[in-house]
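These protein sequences, in sequence, are chains Z, S and W. Numbering-wise, the first sequence is residues -15 to 321 according to the working numbering. Numbering-wise, the second sequence is residues 13 to 249 according to the working numbering. Numbering-wise, the third sequence is residues 100 to 391 according to the working numbering.
In case anyone wonders, no lab produced these hints; they're calculated from the structure. Owing to the predicted nature of the structure, the values given are computational and were not obtained by experimental measurement. Glycine included, C-beta positions come from ideal geometry on N, C-alpha and C. A few of these clues could be false.
Selected chain W positions facing chain Z (Cβ under 7 Å, derived; list incomplete) [unchecked claim]: (1) Ile203; (2) Pro272; (3) Leu364; (4) Leu375.
Taking lysine to any residue pairs in the SDA-like style, the calculated list, with each CA pair at most 20 Å apart, reads [what the hints assert, rightly or not]: (5) Z/Lys282 - W/Ile346; (6) Z/Lys282 - W/Asp213; (7) Z/Lys147 - Z/Phe133; (8) W/Lys187 - S/Gly27; (9) W/Lys363 - Z/Phe133; (10) W/Lys378 - Z/Ser109; (11) S/Lys119 - W/Val207; (12) S/Lys119 - W/Phe255; (13) Z/Lys129 - W/Asp213; (14) S/Lys199 - S/Glu108; (15) S/Lys121 - W/Phe255.
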Amino acid sequence: MSAVQEVVTPAAIEAVPKRAMTLGYGTSLIMLALLLLVPLFVKNFIIFQLTMLLIYGLAVLALNILTGGSGQFSLGQSAFYAVGAYTSAILMEHAGMNYALTLPVAGLICFGFGFLFGQPALRLSGVYLALATFALATAMPQLLKLGYFEHWTGGVQGLVVTKPDAPFGLPISQDMWLYYFTLVITIAIYIFSVNLLQSRSGRALMAIRDNEIAASAMGVDVALYKTLAFGVSAGITGIAGGLGAIAVQFVAPDAYTITLAISLFLGMVVGGVGWLPGSIVGSAFIIFVPNIAEGISKGLSGAVFGVLLFLVIFLVPHGARQVAIVAQQLMGKLKRN
Amino acid sequence: MTAMLNVKDLRAYYGQVQALHGLDFGLNEGSMTTLLGANGAGKTTTLRAICNMVRSTGAIEFEGAPLAGRSTENIVRLGIAHVPQGRGTFTTMTVEENLQLGAITRKDKAGVVSDIERMYDHFPVLKQRHTQQAGTLSGGEQQMLAVARALMLRPRLMLLDEPSFGLAPLIVRDLFKILGKINRENKVTILVVEQNAQLALELADKAYVIETGRIVMSGTATEIANNEDVRKSYLGY
Amino acid sequence: MELFTNQILAGIATGAIYACMALAVVMIYQAIDHLNFAQGEMAMFSTFISWQLMQWGVPYWGAFIITLALSFAGGIAIERLLFKPLAKAPILTNVAGFIALFAIINSVAGLIWDFTIKQYPTPFGSYPFLGSQLISTHQAGMIGVTVLLLLALYFFFQFTRIGLAMRAAASVPESARLVGVNTSWMIALGWGMAAAIGSIAGMLIAPVVFLEPNMMGGVLIYGFAAAVLGGLTSPLGAVVGGFLVGIFENLAGTYIPGVGNELKLPIALALIITVLVVKPAGLFGRPIVKRV
């Protein structure tokens, strides 16, 4: 008889077991080596793109913690990203603060913002939460343009941010310095996130994702954990936003529209929802595929992008995670033979 | 006598896990057969495999026609009604709409209307609640609704998955009485999976015992009921 | 006081647009249980087809009917080709598919018909309706068509076998198959109907917002909001929600200082979210009773 319902196979990929959230040691080391070495051999513009890859990777990771971890859906990540970016930019340009010190501030402010936003979001789920976060994303650029804040935000014009030099007279370019700076932060946040999801709190979050009622019956403080997930996700997104402002050297309201939030969402799907290492793959997709589409056809770049996206989700509906799982199985078979 | 439903070497799988290891059995037309077994033995899977709701191999023939390759809805259209475990109520719809859905494949409007009335005779509580959202019914009422919904198909074969689950003993008696009546009067062949082995064996003509995906015993209901092992494991005396 | 009533009237007039789109949103939600982000673009494409037909000399109502039929077929084709293969993929993957579809349709429409704004005719004329400058005959006609559509949909879902089967397939697919409903085709049919309703919305909206590939961006958001506000399971709720959103938007723009055009949308959305926090199933949505 034909396969009508493969109940178990997709489900096994869907519910991410804890171990599958991360990469093996070997793979991690190879990835790390690549990230460390590649910039040494490429041009500055490519280094800049790699920096953006890491930054968007962080933002996708943050969304993954929220959606993959606690099962909440957000189309509002661009708002948190914007708040982080503006916090860094304003502190650097108006208060003369060191760029590195602005990042924890951006993270903390966004954590608070996300935590507060998580409160009303508690009552909403599914499409309703999507709409609420969507509202946040559309409101943010308009708020940034408001006349009241123009002295600080620069209004529609935005703010120009100075690019930092490498410290201690290191003989490397600004781009390369910023890349390694971003890499260190990215790795630190990645390790923090992996540990977070594997901790007690992470288990509580996943329990909420899988069955909220059962989780609350087991004594998990559902409201607290869900709002905390929003806070942590927003905080990480804020740090990414701050880094983004420094890397692009510019903040403006129209850089942080709903398009950015949608891109981050696509990045999460392509990388595999809930699979943290996939964040970087998703980030690569949203940075490079639009360029590729533009290269194939200028007039139809949107259509080419759409077709490429369809190809990806047809081939691997579970994103890069599915590729990783298949690869792992193949490796396992090879080892046994 | 050739069987109405013939099952040969049925194997079923959930992903990599094999749940049935080659079942062979048949149901005679107009008979009432019960499938006994512990939890996880494969009773539900057997019913689901007949309706092509799990991946399976082997041959299933209904009135001489092979069911392989047919979709669930096409199998239902042949006159096989399946009352699933958990009742499968359309919770957001009214009781009456649930009954109408049971007859959605039928073209005879007048017959459907009179059948709904017949169901209300069988299960008066459904008549009282006919405009109510079905999700608000109690578990027992939903179970009756599920049986009534299946009967609305005017099935030739009815598969019931633990119809007594969660019902009060008195209601279970009533339900089985109705099932017996339908079996005798309307010549509906019935295959019932039941935890309440005693009751099932009282009513059924034939019984099969499944353990870990294999049939370990078969015979007339009386034979099975008198078997020492069955008495100890399933009847408890 | 007169300003207030005038703003309400103007709100109803714009609300008609949202109500129309919201009906299409509810339709697809009934069929597939989530929101289709590409729905506005599908409606826009349909509207362009009708425009093209009229350019070729087909009279308005002829173009209207042909577009309706083509949209219905197109909706079914999109489901069969693109979303049926994704039926077993996770929901978020499907959402990514909607975004991809959005990008494709928008880009193709831009290539065929370019991005310049085009005039689109109305069959109702655009004179003051009953002497009011605030509602034109076109807008009144639109409200009429919306109400007719609503009645037709209500009749379809409540009193026809296919309507019943469609609702069943959407709410409990497995049980629907067990009573013999071909759930896969019900989904395709839902896509077809949603595309057809969307095309009506597009053809009615185009005279107001003008025809161009990005015409539906804002409208769809308000349509979603209206449908969510009214309750995604209720066509009546969607229409009422549409009018309410139109009124909200206008009142907020007039009475809250410093709002202007930019902040109208966020404020309307914020209000809706407030309503949802209090009443999570929407104003008219049937709360789903769950037994744990």
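Verification of the supplied hints:
| no. | hint | in the structure |
| --- | --- | --- |
| 1 | Ile203 | holds, 4 Å |
| 2 | Pro272 | violated, 11 Å |
| 3 | Leu364 | holds, 6 Å |
| 4 | Leu375 | holds, 5 Å |
| 5 | Z/Lys282 - W/Ile346 | violated, 41 Å |
| 6 | Z/Lys282 - W/Asp213 | holds, 14 Å |
| 7 | Z/Lys147 - Z/Phe133 | violated, 24 Å |
| 8 | W/Lys187 - S/Gly27 | holds, 14 Å |
| 9 | W/Lys363 - Z/Phe133 | holds, 19 Å |
| 10 | W/Lys378 - Z/Ser109 | holds, 12 Å |
| 11 | S/Lys119 - W/Val207 | violated, 44 Å |
| 12 | S/Lys119 - W/Phe255 | holds, 18 Å |
| 13 | Z/Lys129 - W/Asp213 | violated, 30 Å |
| 14 | S/Lys199 - S/Glu108 | violated, 25 Å |
| 15 | S/Lys121 - W/Phe255 | holds, 17 Å |
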